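K.L.:
Chains A, B, C and D, in that order, give the protein sequences.
In case it helps, our numbering puts the first sequence at residues 1 to 284.
In case it helps, our numbering puts the second sequence at residues 1 to 284.
In case it helps, our numbering puts the third sequence at residues 1 to 284.
In case it helps, our numbering puts the fourth sequence at residues 1 to 284.
None of these hints come from the bench; they were simulated from the model.
Treat the hints with caution; some may be incorrect.
[What the hints assert, rightly or not] Simulated restraints on C-beta separations:
no. : chain 1 : residue 1 : chain 2 : residue 2 : range
1   : C       : Ala111    : A       : Pro180    : 36 to 44 Å
2   : A       : Ser12     : C       : Pro180    : 44 to 52 Å
3   : A       : Lys241    : B       : Ser10     : 33 to 41 Å
4   : B       : Ala74     : A       : Lys241    : 43 to 51 Å
5   : D       : Tyr163    : C       : Tyr163    : 28 to 36 Å
6   : C       : Ala246    : B       : Glu94     : 51 to 59 Å
7   : B       : Arg14     : A       : Pro180    : 27 to 35 Å
8   : A       : Glu238    : D       : Glu238    : 54 to 62 Å
These figures come from a predicted structure and were not determined experimentally.
Where is the CB? At the ideal position from N, CA and C, for every residue including glycine.
Number of protein chains: 4
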Amino acid sequence: MKDAKLVVKSESHRNTIVHLSDHVAIGGQKIVIIGGPCTVESLTQMETVAQHLQFAPVQALRGGVYKPRTSPYAFQGMGLEGLEILAEVRKRYEMPIVTEVMAISQIEEIAACADMLQIGSRNMQNFDLLKAIGQANKPVLLKRGLASTIEEFVMAAEYIMSYGNPNVVLCERGIRSFDPYTRNVLDLGAVVALKQITHLPVIVDPSHAAGKRELIADLSRGAIACGADGLIIECHPEPDKSVSDARQALTLDDMVNLVRSVKPVAEAIGRQVYEIQRPQLAIA
Amino acid sequence: MKDAKLVVKSESHRNTIVHLSDHVAIGGQKIVIIGGPCTVESLTQMETVAQHLQFAPVQALRGGVYKPRTSPYAFQGMGLEGLEILAEVRKRYEMPIVTEVMAISQIEEIAACADMLQIGSRNMQNFDLLKAIGQANKPVLLKRGLASTIEEFVMAAEYIMSYGNPNVVLCERGIRSFDPYTRNVLDLGAVVALKQITHLPVIVDPSHAAGKRELIADLSRGAIACGADGLIIECHPEPDKSVSDARQALTLDDMVNLVRSVKPVAEAIGRQVYEIQRPQLAIA
Amino acid sequence: MKDAKLVVKSESHRNTIVHLSDHVAIGGQKIVIIGGPCTVESLTQMETVAQHLQFAPVQALRGGVYKPRTSPYAFQGMGLEGLEILAEVRKRYEMPIVTEVMAISQIEEIAACADMLQIGSRNMQNFDLLKAIGQANKPVLLKRGLASTIEEFVMAAEYIMSYGNPNVVLCERGIRSFDPYTRNVLDLGAVVALKQITHLPVIVDPSHAAGKRELIADLSRGAIACGADGLIIECHPEPDKSVSDARQALTLDDMVNLVRSVKPVAEAIGRQVYEIQRPQLAIA
Amino acid sequence: MKDAKLVVKSESHRNTIVHLSDHVAIGGQKIVIIGGPCTVESLTQMETVAQHLQFAPVQALRGGVYKPRTSPYAFQGMGLEGLEILAEVRKRYEMPIVTEVMAISQIEEIAACADMLQIGSRNMQNFDLLKAIGQANKPVLLKRGLASTIEEFVMAAEYIMSYGNPNVVLCERGIRSFDPYTRNVLDLGAVVALKQITHLPVIVDPSHAAGKRELIADLSRGAIACGADGLIIECHPEPDKSVSDARQALTLDDMVNLVRSVKPVAEAIGRQVYEIQRPQLAIA
Chain A
1 MKDAKLVVKS
11 ESHRNTIVHL
21 SDHVAIGGQK
31 IVIIGGPCTV
41 ESLTQMETVA
51 QHLQFAPVQA
61 LRGGVYKPRT
71 SPYAFQGMGL
81 EGLEILAEVR
91 KRYEMPIVTE
101 VMAISQIEEI
111 AACADMLQIG
121 SRNMQNFDLL
131 KAIGQANKPV
141 LLKRGLASTI
151 EEFVMAAEYI
161 MSYGNPNVVL
171 CERGIRSFDP
181 YTRNVLDLGA
191 VVALKQITHL
201 PVIVDPSHAA
211 GKRELIADLS
221 RGAIACGADG
231 LIIECHPEPD
241 KSVSDARQAL
251 TLDDMVNLVR
261 SVKPVAEAIG
271 RQVYEIQRPQ
281 LAIA
Chain B
1 MKDAKLVVKS
11 ESHRNTIVHL
21 SDHVAIGGQK
31 IVIIGGPCTV
41 ESLTQMETVA
51 QHLQFAPVQA
61 LRGGVYKPRT
71 SPYAFQGMGL
81 EGLEILAEVR
91 KRYEMPIVTE
101 VMAISQIEEI
111 AACADMLQIG
121 SRNMQNFDLL
131 KAIGQANKPV
141 LLKRGLASTI
151 EEFVMAAEYI
161 MSYGNPNVVL
171 CERGIRSFDP
181 YTRNVLDLGA
191 VVALKQITHL
201 PVIVDPSHAA
211 GKRELIADLS
221 RGAIACGADG
231 LIIECHPEPD
241 KSVSDARQAL
251 TLDDMVNLVR
261 SVKPVAEAIG
271 RQVYEIQRPQ
281 LAIA
Chain C
1 MKDAKLVVKS
11 ESHRNTIVHL
21 SDHVAIGGQK
31 IVIIGGPCTV
41 ESLTQMETVA
51 QHLQFAPVQA
61 LRGGVYKPRT
71 SPYAFQGMGL
81 EGLEILAEVR
91 KRYEMPIVTE
101 VMAISQIEEI
111 AACADMLQIG
121 SRNMQNFDLL
131 KAIGQANKPV
141 LLKRGLASTI
151 EEFVMAAEYI
161 MSYGNPNVVL
171 CERGIRSFDP
181 YTRNVLDLGA
191 VVALKQITHL
201 PVIVDPSHAA
211 GKRELIADLS
221 RGAIACGADG
231 LIIECHPEPD
241 KSVSDARQAL
251 TLDDMVNLVR
261 SVKPVAEAIG
271 RQVYEIQRPQ
281 LAIA
Chain D
1 MKDAKLVVKS
11 ESHRNTIVHL
21 SDHVAIGGQK
31 IVIIGGPCTV
41 ESLTQMETVA
51 QHLQFAPVQA
61 LRGGVYKPRT
71 SPYAFQGMGL
81 EGLEILAEVR
91 KRYEMPIVTE
101 VMAISQIEEI
111 AACADMLQIG
121 SRNMQNFDLL
131 KAIGQANKPV
141 LLKRGLASTI
151 EEFVMAAEYI
161 MSYGNPNVVL
171 CERGIRSFDP
181 YTRNVLDLGA
191 VVALKQITHL
201 PVIVDPSHAA
211 GKRELIADLS
221 RGAIACGADG
231 LIIECHPEPD
241 KSVSDARQAL
251 TLDDMVNLVR
261 SVKPVAEAIG
271 RQVYEIQRPQ
281 LAIA
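Next comes chain A alone, as it looks inside the complex:
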């Protein structure tokens, strides 16, 4: 990885910490958990999610408003209306928001109401988008491409950093393989390698990797034990009614249970999880 200059770990730069808010940072001692539905569907849906997850506790909310769908006839996301929902939920629950940017033209509007801009797997080597996001003033969640090598993934982060944005978090989300049992193969060896090669935080998305909700909790604990700095997990008030990726969404109760089960694993390797921080909201 001779061309990886800015992302590689060095004696003087061992660890990047990316702040999503005053209270939430990825890459430090604490494991960060991001949760929420695949797709933003309504304000009610997002409020239900936020209310439950704040006590898990989950530290940030995810939810897509621009959706990369294989078919042009599939629901493409709520767009601006969805962004307004995210902005509202963000304000009411004081939780940072992560949402996907699919095009350069969306960066400004999404940056106005999200705390972290996600680059999806299909766009990991959309180099013009990487360059543009490199000039945005927001943390970036860069997902690994469906069949990207570790080197290509590292170099995609190098694109973003070389254009001026140092706040990049890498996300392993499963790679393509021959086995139809799981949707993708979660490559935790890549997580270990990325933590050794780069100074960037690395989180894991077990939902898209597994594609089956019954596999997600075990894989989440495995990811944390491997050294991942956090998790991003799909959950939904009524998984079977989700407009997309229903098969892999957890119920909100399962999500809470999962988050709680992560704590002892994190502590077993000398890390911590976030504690519930806002009792006043908990009371309300």
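Take the given structure of chain A and dock chains B, C and D to it, following the hints.
P.N.:
Chains B, C and D in isolation, oriented as in the chain A frame:
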């Protein structure tokens, strides 16, 4: 492929023919061969290429001016200056031009001087780009993603067609696999399948698939025998001096030999190749 | 491939020709076509196949009597009874027989009534079997493993040769990939590479690669155009009644049509096919 | 997996426990760790390994005496002489022995001095070997094939069980993929799935998956957190002098550290590790 409405073959629409110029069409009885360097480097380079290839004969020229490179520090292409070179060569040699579009912002300027807009493998599921190119008034060369299924490939074409552009040519260019001997694995089974499923022309890029120039001629003949409607092949006046993909570029002489060797194979399956059409240029 | 000593092509050893009978040899100017059912089911079945295929003409018959099946409860082949059928058909129709050897203990009995011993994909790195077959006095058809690299494939042939058997024919039969549309991905780039690296004949099995009968004819012609020395194709008197691999078996009529369509492709690259050799049988 | 009858989990058979000795069992509450070199090289080597590892504590020793090597010219293992070394070490250190069986003819001699018979990845679908091992009266360690689906892996275990041997332990050891950074991709999703589908114990071999020693400790902890019942790890007194797989072998000290680090992770998910059981040896 339940959602593939516009691209699927039917009794009433068995075959789409995409015209690159008055003389060159892809998808008919004649095999089309597109040749040229990976990257446009200079007017001299492109003229040398065009002069040789017109007598192969090659029917269209390729050459990248916006280059998707793994590293941000690698040469990113000549950009507008390269487009001017392409425009000049197109005019002098009356050969259609194929070149890659990496961003929505480039469509207009590239459409002004190219005859076919290429969507590269890394952007096969850059859906916003597909939608925009679907509104462009130029033929599109859609390359299969590095690890895209046949269904995903078909649906990417469906995006373009559903936004209004019927002139889509599919290009198989090798998929990711475990074997380091070849750069990718050329999937001619996909070519056969795509010809059966869709009415769109399908061409093959053996250069990126093989990654080694000594494999390209045999794979080219194999592709034609499988039913491909054409080939897109990298060649260079001095392959070892190519600024990119040097290992897979043919010399111009080897390119001419390859093109000539395709003729009997095409005829063996009841098709034809283009004959040299412009003797006056041959004399000059 | 530093350890590949015996299989690599050299100035003094450019081409191995493997004789299946006095009349049939693989690796020379003539393309060899081997046909027959996945599994030997009855004498009637095999006679029907032989009668039809001799006039295609097909040069050798295939048919499994020991079958590698994913499930222990699936039909495991007729065993010795099947071998007797093969011996009978071989004698009556004077056609060489190719059948699979799954265990060292089967070599002697199979060698007694077959002309070529097949090592299946799952056993490509069953090294003890390779060593034993290296000591057998029969030609070997070595199929590429489901996910074997070209180097591993070459080294498996080296095992056989290093134990004394020079008559090895390599067979590309598709590799594992992520796309469910085809059963495997036929890797014709490997065929081209193997012809360049080794002096051994290389044939192609499009049936197991494609897994769908409608893809097989085009892939067969593609394989020949790429330089393959022959084909091994599954066909059955009543494909839908085949006890295994029904979806990929051709009808006998389709098989005859396929064989005939190969002739012009072979000639287009300067090779020939076998002509029908036994008019007396044709009359009978 | 309709044909998986004996291996599938049911209400009445939720969990198989496989005993390697009076003291060591795989599949219960306790995590089992198996360690040792890739290849048995000498009695001194194996004694050094056993002395160190008994205090890690490691519960069983691994070491190959019949080695599946890509090249016929590579060291093929010590054979019978190696088996005698294993027998000697087994007696002196009272540690169960795991070693690979490559051929039916080796089963008897290996069963006489080993406690667990390993079927290697390349032989996972060597069905005749599976049938024979199904009739052996020893526990079996069945490694997943290099590109085997979960269903094929489960069915290979079904072969062994259907021939009479109920003591099968599954081992995930990485699958083939496109990324050259790691040797294979450790598929912990398969571990989770296998624990849900079958009642068999599942262990993980991070050494062959990673191929790089610096990745192994993190992957080991990840595997345990995912629910694996144990680990099998390569280590060597002098890794760089190992006759095979040197790059992935741990030093004995690193192995001890790894084992100790597993304890809190096991406890975090409600399991335990084995404690040192033989103080008299510890004193000596």
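K.L.:
Quick check on a hinted range of 51 to 59 Å for Ala246 of chain C and Glu94 of chain B, using CB atoms only.
P.N.:
Holds: the Cβ-Cβ distance is about 53 Å, inside 51 to 59 Å.
K.L.:
Does the Cβ-Cβ separation between Ala111 of chain C and Pro180 of chain A fall within 36 to 44 Å?
P.N.:
Since the Cβ atoms of Ala111 of chain C and Pro180 of chain A sit about 39 Å apart, the hinted range of 36 to 44 Å holds.
K.L.:
Go ahead and decide if the range 43 to 51 Å is satisfied by the Cβ distance of Ala74 of chain B to Lys241 of chain A.
P.N.:
holds, 47 Å
K.L.:
Looking only at beta-carbon atoms, does the pair Ser12 of chain A, Pro180 of chain C fall within the given range of 44 to 52 Å?
P.N.:
Taking Cβ atoms as reference, Ser12 of chain A and Pro180 of chain C lie about 48 Å apart, which means the hint holds.
K.L.:
Does the Cβ pair Arg14 of chain B, Pro180 of chain A satisfy 27 to 35 Å?
P.N.:
Given about 32 Å between the Cβ atoms, the range holds.
K.L.:
Falls inside 28 to 36 Å, the C-beta gap from Tyr163 of chain D to Tyr163 of chain C?
P.N.:
holds, 29 Å
K.L.:
Can you tell me whether the CB distance of Lys241 of chain A to Ser10 of chain B sits inside 33 to 41 Å?
P.N.:
holds, 35 Å
K.L.:
Glu238 of chain A and Glu238 of chain D, beta-carbon distance inside 54 to 62 Å?
P.N.:
holds, 59 Å
When each numbered hint is compared with the structure, no violation occurs for any of them.
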